[in-house]
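J.: Chain by chain, the residues:
Number of protein chains: 2
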Amino acid sequence: MVIILLVTVNLLTLVGDIEQPIVGYGVARVVDSRHSDFKKGDLVWGRTIGWEEYSLITTPEYLFKINHTDDIPLSYYTGILGMPGMTAYFGFFDIGSPKEGDRVYVSSASGAIGLLVGQFAKLIGCYVVGSAGSKEKVVLLKTKFGFDDAFNYKEEHDLDAALKRYFPEGIDIYFENVGGKMLDAVLLNMRHHGRIALCGMISQYNLEQPESVHNLIAVLFKQIRMEGFAVAECYDQYSKFLDFVLPYIKEGKIVYVEDITEGLESGPAALIGLFSGRNVGKQVVKVAQE
Amino acid sequence: MVIILLVTVNLLTLVGDIEQPIVGYGVARVVDSRHSDFKKGDLVWGRTIGWEEYSLITTPEYLFKINHTDDIPLSYYTGILGMPGMTAYFGFFDIGSPKEGDRVYVSSASGAIGLLVGQFAKLIGCYVVGSAGSKEKVVLLKTKFGFDDAFNYKEEHDLDAALKRYFPEGIDIYFENVGGKMLDAVLLNMRHHGRIALCGMISQYNLEQPESVHNLIAVLFKQIRMEGFAVAECYDQYSKFLDFVLPYIKEGKIVYVEDITEGLESGPAALIGLFSGRNVGKQVVKVAQE
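Chains as they are written, first to last, in our numbering: chain A, 511 to 800; chain B, 511 to 800.
Extracted from the complex, chain A is given alone in its bound form:
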């Protein structure tokens, strides 16, 4: 049994049966435990934590103990130190196979994962352009998060032309969060031996019929590697990830932002807001006070 402090709003892992609480990633304190790895008082993060004040968790294999230190906000374990951070890290490094000088494009760049991918890419000397859905987000990407450039995809009636403007020599790595028309335009602009890390397709989740992709033949002609990624398969490497990311956080070399709303009742609006692009950074719902 855990008490929920924070739940996060994300998409792929949301499971909701009618009359059951939605399940997602969260941070919680254990109030009782019959499992030897967890004891009363432990702080944990993980998935299968419900949108509720108290949760009964029967899948402890998806829970991680938090060795909390005062200089790291607990909420970071819903984001940069949790699932989104690991998705950005393993998706970018394992599937993207980046090297210095690579040209990297990140869609949905002002979301929790995109922000981190862009910064990881800059840390190793890539050229990084992100797209987002408002003028404000574009400014933030360029000024606060260190992207080399950014554009508002809603203002581009021709995504292919937009990508050619920012990547006249093409794209080496595309970190895909969007799907649909964006992927089609990207395929036209990938470089030979480019890599596409498929980590999300938010534009497709609510469609009855998925949008079609027309330019897949580029994968053949340009010898592109496209690969789907599920962070859950990397959880056994959590400590490796912490060793990489914690020093950067402590040295202030990674900028991280959250959009925290208070109270379980604000959850539905926060969830729906993701689809209209309301949030910048990780959307978090605070359920109880620590």
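Hints in this document: simulated from the structure, not taken from any laboratory.
Among these hints, one or two may not hold up.
Repeated chains share a single entry, so a pair holds when one copy, or any two copies, can fit it.
Derived DSBU-like pairs: lysine-lysine, alpha-carbon spacing no greater than 30 Å straight-line [stated by the list, open to error]:
#1 Lys732 <-> Lys575
#2 Lys609 <-> Lys750
#3 Lys609 <-> Lys760
#4 Lys763 <-> Lys550
#5 Lys691 <-> Lys575
#6 Lys750 <-> Lys732
#7 Lys732 <-> Lys609
#8 Lys664 <-> Lys550
#9 Lys691 <-> Lys732
#10 Lys645 <-> Lys763
#11 Lys732 <-> Lys550
#12 Lys691 <-> Lys760
Please read all numbers here as calculations on a predicted model, not as lab measurements.
The hints should help you fit chain B onto chain A, whose structure is shown.
T.: Below, chain B alone, put in the same frame as chain A:
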């Protein structure tokens, strides 16, 4: 300068300017040479050999010397010992990452490359199903080429249902020669962590607008790896390939067939025949007698 003995009919490498000979893969004898690696009388195979009786070759980096032995037909160097053989070998092993027991699906299975992929897969203990475009080809796949099963895609109005019949537990490796609707149906039937080796998309080459693919989200949800392949990038490993394939040929463990037409004038019909699925095995045009 080389005299052309055989030219092959294939698709991706055909280059034809009006009033210039079509260029493809061929086997030839050198009649004159200013390059120290090739001397008069040498037999060679390679690309950029024209559909013509005599050819001037200025790109010797794409020519391989043939150390001909009497028990191997020269024409094999247009197929199993040349580009199609290497495409099957490196596409299947490098991109497919096969292991014993994997379920392998090969489209265009009665073509030069598909026939070899199916046999390579059987050699390492995979379950292999191929599709082709006629009853006769399906019979050949099952009886002569050792496929576990085969079907005529033209008789299936629902490709998804057909694949579910042959792969009730899904597909681990898809060797893609076709594209379009077939790829869409395959995506629905891939297994978790499946691999798709894109080596050709013959259904798409003559379309003004490529067909669209609707089920790409499967790549994300099933963590599929899809990769385009170009054999030219493996030519530096030609001797490794010969070490693998020659013993199997000599021991009769690989069945190989060719469809050889006589005379340069038969070339156009042979080329067009590929698109209607006329040939079984490698389509070769014999231009001159050895």
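J.: Hint by hint, say whether it matches the structure.
T.: Hint check:
no. : hint              : result
1   : Lys732 <-> Lys575 : between (44 Å within a copy, 28 Å between copies)
2   : Lys609 <-> Lys750 : both (19 Å within a copy, 29 Å between copies)
3   : Lys609 <-> Lys760 : within (24 Å within a copy, 44 Å between copies)
4   : Lys763 <-> Lys550 : neither (35 Å within a copy, 65 Å between copies)
5   : Lys691 <-> Lys575 : neither (40 Å within a copy, 47 Å between copies)
6   : Lys750 <-> Lys732 : between (33 Å within a copy, 25 Å between copies)
7   : Lys732 <-> Lys609 : both (19 Å within a copy, 27 Å between copies)
8   : Lys664 <-> Lys550 : neither (49 Å within a copy, 64 Å between copies)
9   : Lys691 <-> Lys732 : both (19 Å within a copy, 21 Å between copies)
10  : Lys645 <-> Lys763 : within (25 Å within a copy, 64 Å between copies)
11  : Lys732 <-> Lys550 : neither (55 Å within a copy, 37 Å between copies)
12  : Lys691 <-> Lys760 : neither (38 Å within a copy, 51 Å between copies)
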